[in-house]
Amino acid sequence: MTDATWVVARRRPALLPRATLWQGAVLAVAALIALPVLVVIGVALAPAGDVWRHLGETVLADYVTNSLILMAGVAIGTFVGGVGCAWLASMCDFPGRRIFEWALLLPMALPAYIIAYTYTGLLEFAGPVQTGLRDLFGWQAGDYWFPRVRSLGGAVVMLSLVLYPYVYLLARAAFLSQSICVLDVSRTLGNGPWRTFFTVALPLARPAIVAGMSLALMETLADYGTVQYFGVATFTTGIFRTWYGLDDMNAAAQLATILLAFVVALVAIERLSRRSARFHHTTGRHQDIRRFRLKGVKAAAAFLFCFVALAFGFLVPAGQLAWWSVLVAEKEVDGRFLTLVWHSVELGAIAAVLSVMLALFLGYARRLFRTRPVRVAVDVAGLGYAVPGTIIAIGVVIPFAFLDNRLDAFMEATFGISTGLLLSGTIVAVVSAYLVRFLAVSLQTVNAGLDRIRPSLDDAGRSLGLGPAEVVRRIHVPMLEGSLLTALLLVFVDVLKELPATLILRPFNFNTLAVRAFEMASDERLASAGPAALTIVAAGIVPVVLLSRSITRTRGTRPA
Amino acid sequence: MENRHFAALFVLALGAADLAAPALADEVNLYSARKEDLIKPLLDRFTEKTGITVNLITGEADVLLKRIVAEGKNTPADLLLTTDVGRLYRAKSEGVTAPIGSAALVAAVPAQYRDPADHWVGLSLRARPIMYVKGKVDPAELSTYEALVDAKWQGRICIRSSSNVYNQSMMAAMIAADGAEAAENWAKGLVANFARPPEGGDRDQIKAAAAGQCDIAIANTYYLAGMVGSEEAAQREAAAKVAVFWPNQDGRGTHVNVSGAALVKASRHPDAARALLEFLANDESQAWYAEANGEYPVRPGIGLSPVLAEWGTFKADELNLERLGELNAEALMIMDRAGWK
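These protein sequences, in sequence, are chains A and B. If you count by the working numbering, then the first sequence holds residues 599 to 1158, one letter each, in order. If you count by the working numbering, then the second sequence holds residues 270 to 610, one letter each, in order.
Please keep in mind that the hints were generated in silico from the structure rather than gathered at the bench. Warning: the hint list may mix true and false statements.
[Stated by the list, open to error] Straight-line C-alpha distance at most 27 Å; calculated DSSO-like pairs for lysine-lysine:
| # | chain 1 | residue 1 | chain 2 | residue 2 |
| --- | --- | --- | --- | --- |
| 1 | B | K304 | A | K929 |
| 2 | A | K929 | B | K361 |
| 3 | B | K361 | B | K510 |
| 4 | A | K929 | B | K309 |
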């Protein structure tokens, strides 16, 4: 290590060519990651049939307005749920807080379409709740009003319930890493807890909150399962309707490109919000957190707030899944089931590690070289998150098959050997799709972590004689640990839930839990989907708990 | 650090590629839009009898088709199995299929369920009749799909979204039978009679009817069969409240679609693929479709499962299903214009 440091230190005058090399590497990596998205845009460039006039006259307006309303609703839902829970569970003290602290992350393990299935089963006209009400009061159809689950509003609620943990996780990490001194100063200046929250804690945590919300919104834009099941016409349902129904892939790709424009706008908003105020603590002094101890009505209200999020986001749907699992356990759970679990975990782990490594690489590049090409490249690399998995899958299939076929033709012509398809239909293709789709998750999280490390710390470290490697090891690593773990967890859980790309790109005879759950559910055999869906949830819980403990451990906390 | 990991992954990848690469032994590679559960038992039986291994991936038909197109002449796929005729037609139009060339299949499967050029063959039938709530609807009031636009059905019909391919095929059959203009008027009339905006799947329509939200549901029969045999008591009870009515028996017959397969042009195991298709059309397999999933055999003279037998026999629309594929886009546009969500 010392040798390396010495070399780096000695070669500092030659920084420029290295910088160019780095930047070149960043552009190359970003281009590779963006390739599937670019392929889709490429397809979109081909002229579509006269489908557009038809779309414009009939359904396009619905796609736009519904997608916008959906996003606005989920933005509000995840902000209120995520930030509210994060503040209560990390900075206040009330009965049950210790459990909520980690349990509030649980809904993250539920795919949105699965929670949609369970609530529909419970709340639809023919479900137990409405049937019970009718039996109880002797009502008939049309006698009473009951909110329709399968509606735009229903989709907002379903997506908010499973996506608020993204905001919760990042906001909580931000609150916990805040220097308590600033909060204390605020309190001594006479601000109450509410004022302290709104004027000090919230602005300081803004990069993390915005990062969490933009993840939630990108996930919302990419959602297909929920809106399709609810019959809500959004861009994603429109894309597949145009492709599958009207058989016009080019027009479908054009719709997908418009969807991308939404995402670019989202990313731009996030950038703007950060530029207008770049908050860093001026001191790294941390004390133990002294939580606001809530009593009486306030404690009850805090409990209720967290409990509602946990109950509707997790307990109710997981309970329903558990009940279904009991019904079918005998038939569904066997040796093959364990293979499903292994496949899911294997894919999740590989993708999570690679994705975090890539995010670190790109994140550091963005930090070290604040040039426009690098910033744009890093942003572009994150676009895949908002693109529906099926579209990504097509964007992966086409270049991989092209490469394989070219290589095959070359080998055939030169050596007379046919290599066939080397990469298509292997887990390399699947993992590539995950990286494209979920790089934004690790990137956002790592960037939010890097942003909390003041650049002045680097300078201080360097002026005290630390080489770049040591700055990373002795300053960045300890400060980034939480963010890296968060990123690993988010990608891992996302991969467990990912469906369309897995479905299309996996090798022969290779099933995962999500594939199993989806096949049962889409065949309208919800009960049979129970065990696989429940296992996705269970597999997601382990890292959630580990992560939660490690975040709590990163700083001593005690109730005031 | 990162480079080393990438190198390691690449080596891993090549290893995986080796494992996944189709060997030249006796095997068939199947890209299937039928869910694993609804085909694997038959494939296992095939392997048991012939020693030919079947490799399977499942997924959405259109995406599997795109994969076959992209993989080109190196595609490992031998057969594309779909759950509707429109996708078989589409595979043929993409130019990635070839004539099957099995005299046994031509002899066994009726002409309307086969491609005239022999690129695809139907393997099971999916009927889409009218289902009504017993006691609320007198079956004598029902006659044809066309008659469902009558004002007496206002607010009484449940059917799923027009995004669903079975509705698109039903609409295409309507265009083929009555012409585009009449079909569009029919779609508008039907939408006017909806009990609620379309939501959920076919089972949900049946459940809504059983619970009293509507009196008529249009759904594929195998969903009802699945509810009859469900693990959930509520589904069995709902299924018991509805009965099947076979429409258009005096005319063109009840609308049917097929689940079927096309032979991939670049197939490396065409003989094994043909053997598998013939196996899927034999008596045993045909009876299995009815037993396991409530689908109808594509060949006449196969015994029905007790559930299907109870619904009686029916006359199926004899339109060559190739037409449904040709008319699919037009059907969807008509439904868009009619405001069928």
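Indices of hints not satisfied (ascending)
2 and 3
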